[in-house]
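All chains, please: the whole structure from these sequences, using the hints.
Protein chains: 2
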Amino acid sequence: MPQRSHSDRPTIDDVAAAAGVSVATVSRALRGLPNVAQSTRQAVLEAARQLNYHADPAATRLASGRTRTIGVVVPLLSGWYFAQVVAGIEAICATEGHDLIVMSAASHDHLDQLADDSARLRRRVDGLIFVDYALADSHVDRFHAIGIEVVSIGAASGGFPTVGIDDRMVGELATRHLLGLGHTRISVVGAMTDDRLDPFRFAVPRLRLAGCTSTLAEAGLALDPALVVSGGFIVDGGAAAATSLLERSGPPPAVFALSDEMAFGVYQSARALGIRVPDELSIIGVDDHEMASVIGLTTVAQDVTSHGAAAARLLINRLASDETGPIEHVCHEVRLITRDTTATARSASEENP
Amino acid sequence: MPQRSHSDRPTIDDVAAAAGVSVATVSRALRGLPNVAQSTRQAVLEAARQLNYHADPAATRLASGRTRTIGVVVPLLSGWYFAQVVAGIEAICATEGHDLIVMSAASHDHLDQLADDSARLRRRVDGLIFVDYALADSHVDRFHAIGIEVVSIGAASGGFPTVGIDDRMVGELATRHLLGLGHTRISVVGAMTDDRLDPFRFAVPRLRLAGCTSTLAEAGLALDPALVVSGGFIVDGGAAAATSLLERSGPPPAVFALSDEMAFGVYQSARALGIRVPDELSIIGVDDHEMASVIGLTTVAQDVTSHGAAAARLLINRLASDETGPIEHVCHEVRLITRDTTATARSASEENP
DNA sequence: AACGTTGATGTAAGCGCATACATCGTTTTC
DNA sequence: GAAAACGATGTATGCGCTTACATCAACGTT
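Protein sequences appear in the order of chains C and R. Everything in the first sequence is counted per our numbering, starting at 1 for the first residue and increasing by one. Everything in the second sequence is counted per our numbering, starting at 1 for the first residue and increasing by one.
Treat the hints as calculated values from the structure; they're not laboratory data. Be careful, since some hints might not be right.
To be verified - Just a sample of chain C residues kept apart from chain R, beta carbon distances all over 10 angstroms, derived: (1) Leu30; (2) Thr69; (3) Ile234.
Unchecked claim - Here are the in silico distance ranges between beta carbons for each label pair: (4) C:Asp112 x R:Ala106: 49 to 59 angstroms; (5) R:Ser39 x C:Asp112: 54 to 64 angstroms; (6) R:Ala63 x C:Asn317: 31 to 41 angstroms; (7) C:Ser107 x R:Asp141: 37 to 47 angstroms; (8) R:Glu96 x C:Ala320: 42 to 52 angstroms; (9) C:Ser22 x R:Ala37: 17 to 27 angstroms; (10) C:Ala24 x R:Ala37: 39 to 49 angstroms; (11) C:Asp166 x R:Gly20: 25 to 35 angstroms; (12) R:Pro225 x C:Ser321: 54 to 64 angstroms; (13) R:Ser22 x C:Ala24: 28 to 38 angstroms; (14) C:Ala17 x R:Ala59: 33 to 43 angstroms; (15) R:Glu280 x C:Asn52: 33 to 43 angstroms.
Glycine is no exception: its CB is placed at the ideal position from the N, C-alpha and C atoms.
Listed below in structure tokens is the structure:
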């Protein structure tokens, strides 16, 4: 047993003694519970302040069963998108007095493992925010079973609260923009036609692609399957996909990259191949990454940080309200930002040599 | 008191009963302590496995006083640099079985507040990693006083372990590269001559600038104070600084931006002003940001993620060894990566019209 | 005036673990 | 072969809180 030195931190007993009340009253007063006389509460607050007392979180957690901690699980901590989300979550946690622990699970295998082994998370967090996973109800149920609330960011829907955008609309906006510039041959980069390549945004690529397809259909056009290329959702993936696309003979199609980071990859690839943007190649992305303005990338913008903030609020409210109430789904706005990587299509004769 | 349902999580008593030993033996066996017979340990492990038992962290923390949690404090969670660092820390925490909690403190005011109110962190984390703050020994002492170990990333030195690079060398490499291309007029962007502008990298800008100055001196050149411009360490800051610089009459000097993000700002600014890179303007940055390769930025590269990993290892080792042993300072390598934003200086007559 | 109410406070029993100390059988030492 | 040392294990206390329940004074109610 660790011996306590004279200068050790004050306990609730010290505060009780100083304020001349019992520990129960101190506990109630400090946590703002009712049935404490105003004068008593003041005395307790003052005693706590003087002693610089702060309840030991470990003891609080053990006794109450609540950790006042939430966890965020992301596929890749170093990615721009995820960093923004985590920043949004952290801001809310800080103001709400919750601790935030971060975890990465690089693939759905890891995710399954996390759910299988949910007991390890037990009593460690009150709730979990999953970012960009294809979370199934069955996963979530496993967490609910051990008393962990779950909110998901980027998922379409399910029996748990989610935060996201209208990804179909994203595809529409991007496609409409390109159509408006006269582009009829459109390539979609990052479509994740190969499910094995998609440890991350799951439904998102499909929905964005669907938005594109339907918009083209409205214009009486069809998406050329040969122009739908998959690839990792980050810069490398975009570059690789674009290279295979741009090395084909003939004029390149306009490129709708399903994320800005992929768009950067396309941009990089074009630069390497000596293809001028936007004169020879139009590129549009999604996100409004901080670097988008640097290279003048046209993009469908979303406020990623606010996704994180909204998810954190949703989760914390749900924890406070004892997990009752309807499942909320919040959907954030998106908007087109026209910059310099998209331009009017060259004449039809050039377009189809 | 929350009533326990029949299906509640197993406790150490359940494991003890199942294995036919006492709780003390279970505790020892599960934590790998000595003085447990092999056969007993096996029996305990098996019982724990069957019951899917995991020690309640809250109880463990309360009883042992160790949280197996470390915290990382960054100025800006959404910045590229910090996201990389956090990713590196998280990776180590995950393998070492530590939880990682993230906190942001946007300025030194916040940092002071954190230290003043260190009691709030008390019993919440075993150790803290500070990223890019001008941490003073006095701050650190406050944390040590309440039993929190501290490691700093990016700081030069002090009475606590640090992880960083040779920032003077960074300045030398960049400057030597520009000199080698024939540039003699060099601008340093992000030098933080105004201390009020520097909530972040503290000594870092000064050292990089000093490396530049001394290298110029070796070549018999002096840095023109008019070409040293300060600004925020991110894209906006670089852009603003660069605009003021590039709008001056005459050919622009070669730009040494003290971070890649600032270099991107300079690049963006040049693009906006119609100044061609690298024909009319050479730019070199520091970091090797993932976007550096996209625009072909020449830069002095550092492996930021490994900074985080090293700091986490340092901290966890220190915690394990009961905070004894010498203070370690780890210094990581940097290297020049030549890409496309730097080019040979135009002839002297053009350089000085 | 006897009695149920209500609000303020205290008492004490856990929460689930770690660990000091006690115990006991076994081995080593002289 | 008795004493001492050691390894394996058990007993029981405490870590610092929360909270069910008890208590009690000050009310309002018939």
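Task: Contradicted hints - numbers only - done: Failing hints, ascending: 2, 3, 4, 5, 8, 9, 11, 14 and 15.
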